[in-house]
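All chains should be modelled from the sequences, with the hints used to inform the complete structure.
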Amino acid sequence: MDISAFVLFWAAIFTSNILLTNFLGMCSYLSVSREVESSFGLGIAVMFVLTVTAALNWLVYNYVLVPFNIVYLQFIVFIIVIAAFVQFLELVIERYVPALYYTLGIFLPLITVNCAIFGVSLFMVIRDYSFLQSIAFGAGSGLGWLLAILMLAAIRRKLKEKLVPTGLQGVGISLIITGIMALAFVGFSGIVQIQ
Amino acid sequence: MIFVILKDIAILSAISTILALVMVLAQRWLSNYGTCKIDINGKRDVSVIGGSSLLSSLSEKQIFLPSACGGRGSCAACKCKVLSGGGPVLPTERPLLSKEELAAGNIRLACQVKVKSDISIEIPSSIFNIRRYHATIAEIIDYTYDIKGITFKFDDGEKIDFLAGQYVQLETEPYPEMKQRVVRAYSISSKPEINDALQLIIRYVPDGICTTWVHKYLKVGDKVSLTGPYGDFYLRETDADIIFVAGGSGKAPIKSILEHLQIVGTTRKMTYFFGARTVRDLYLTDEFKALEDVFPDFKYEPVLSQPDPNDNWSGKTGFVMPYFKETIRDPKNTEAYLCGSPGMINAVTKALMDNGLAKEKIYYDSFG
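Sequence lines, in order, name chains A and B.
Letter by letter, the first sequence follows residues 6 to 200 in my numbering.
Letter by letter, the second sequence follows residues 95 to 462 in my numbering.
Bear in mind the hints are in silico, worked out from the structure with no lab data behind them.
Some hints could be false.
Computed far set for chain B versus chain A, every beta-carbon distance over 10 Å [claimed, not checked]:
hint	residue
1	R275
2	K310
3	S399
4	D405
5	M415
6	K444
7	D448
According to the in silico footprint, chain A covers these stretches of chain B (three or more CB under 8 Å from chain A) [said to hold, decoys possible]:
hint	segment
8	109-119
9	355-361
Just so you know, these numbers come straight off a predicted model, no measurement behind them.
Note that the Cβ used here is the ideal one computed from N, Cα and C, for glycine as well.
Shown next, in the form of structure tokens:
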């Protein structure tokens, strides 16, 4: 893939936002976006985990899976690596930043099964990114995810005072808003194409 | 072909093993807080292995802070002062702390504070009196269709020292419907003069974890474990008149107080209102009526809210509150001791204050 890591980073945020163009990582996006504070916490956690697991999985893929010719096991291996890393992160945070542990701690297990994180690792393989590109793509996707959940949380905060038809309250209206946000992000897509 | 499969399995296993190994090492290294020292009231040090909660670390050292929910952070009974080493107040504690306690910043829930470094705390010195007792069930009496009196005899010379009115915490044993142990608080109904055994009065609550165990599984000869004594609901030694209000199993602490007074003697004017629904809910009535002859000025007044017409009830009916007015002689010199549900406590406290009693002279034990 002939695209600079810098461009890829920005592209991952705006033109190919992992959440708004691929609709990955929806479950926690919808359930946590009720409050801005927790959305921010989860977003930061996703961003960090995405960046690091993209790097880890790139190394595992290129130095273990490819040489031993077991690329077909990538799904299992990627998930194991993500789960182990999240677990490890949980231990580190609990030890060194207890206050953060109690605000983020509940989200970390959620992240393990966040499809955005797994999705980034798979895209990185399919699109044949280099190590640097993978990190940029991971970080950009994370930042994009953070941006999307923050926007939804902010809109939902306003929404609390508005009359929403009964059948659309909660997830219904959130998905419609997400769709409109996605349309807006499609507007960026002419700038650069990464897939 | 078989070798290719075996090779792939081996590599996958190797990756998993390496990651598992990293996790085990991380756990060893990151979750190991070494030995931490807990300084209590600046007078006593205990050393514990760090990493677990303050509440459980203390109970390992036979120091029992009260806890009704078993460390889940929902009852707030284990509040204590953490002077240093406790870290910031956690979001799990906030809802259970008052504005003043949050402002003070050092009032914490012992079940949420983790011991990760040397820590210094302040707890009431009466806590040191609290310990674990091992007991055998000596007697089970059916007081009513849903209330049992259970006598616990302590093993090998263990002795308890408590004030009439205080409570203990009973730990359940696992039973078929419930594999977990839970801890529940019950007032002691026997007098403090008996120190090698105690009695609890327990009412059956449908689907209650502990009361189901007590009512359906507990039998004479069973071994159980209790901690105590806890609580600041006990008889104040003054000359003031006393009004007791307690229904159902709330009779337990009042029974303890009256039996204690029977031994030490008193000339105080006392009235006990026992609120119940029907005659079926009354128990120990003759015993308490007999106390009217023991004390110079004591009245036992069962009040039925819904007496059955077939019972031919000739005593007081309705709620207990309307009877306070005729009972209170001098509201400034009257104490009240209440035991019951939060709703009952609130209603009775309000009625007593309307009759002129001072709020600080109304003592109560509230159970949900």
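Comparing the hints with the structure gives:
{"no.": "1", "hint": "R275", "verdict": "26 Å, holds"}
{"no.": "2", "hint": "K310", "verdict": "37 Å, holds"}
{"no.": "3", "hint": "S399", "verdict": "42 Å, holds"}
{"no.": "4", "hint": "D405", "verdict": "52 Å, holds"}
{"no.": "5", "hint": "M415", "verdict": "43 Å, holds"}
{"no.": "6", "hint": "K444", "verdict": "36 Å, holds"}
{"no.": "7", "hint": "D448", "verdict": "41 Å, holds"}
{"no.": "8", "hint": "109-119", "verdict": "holds (count 6)"}
{"no.": "9", "hint": "355-361", "verdict": "violated (count 0)"}
Violation of the numbered hints given earlier is confined to hint 9; every other hint is satisfied by the structure.
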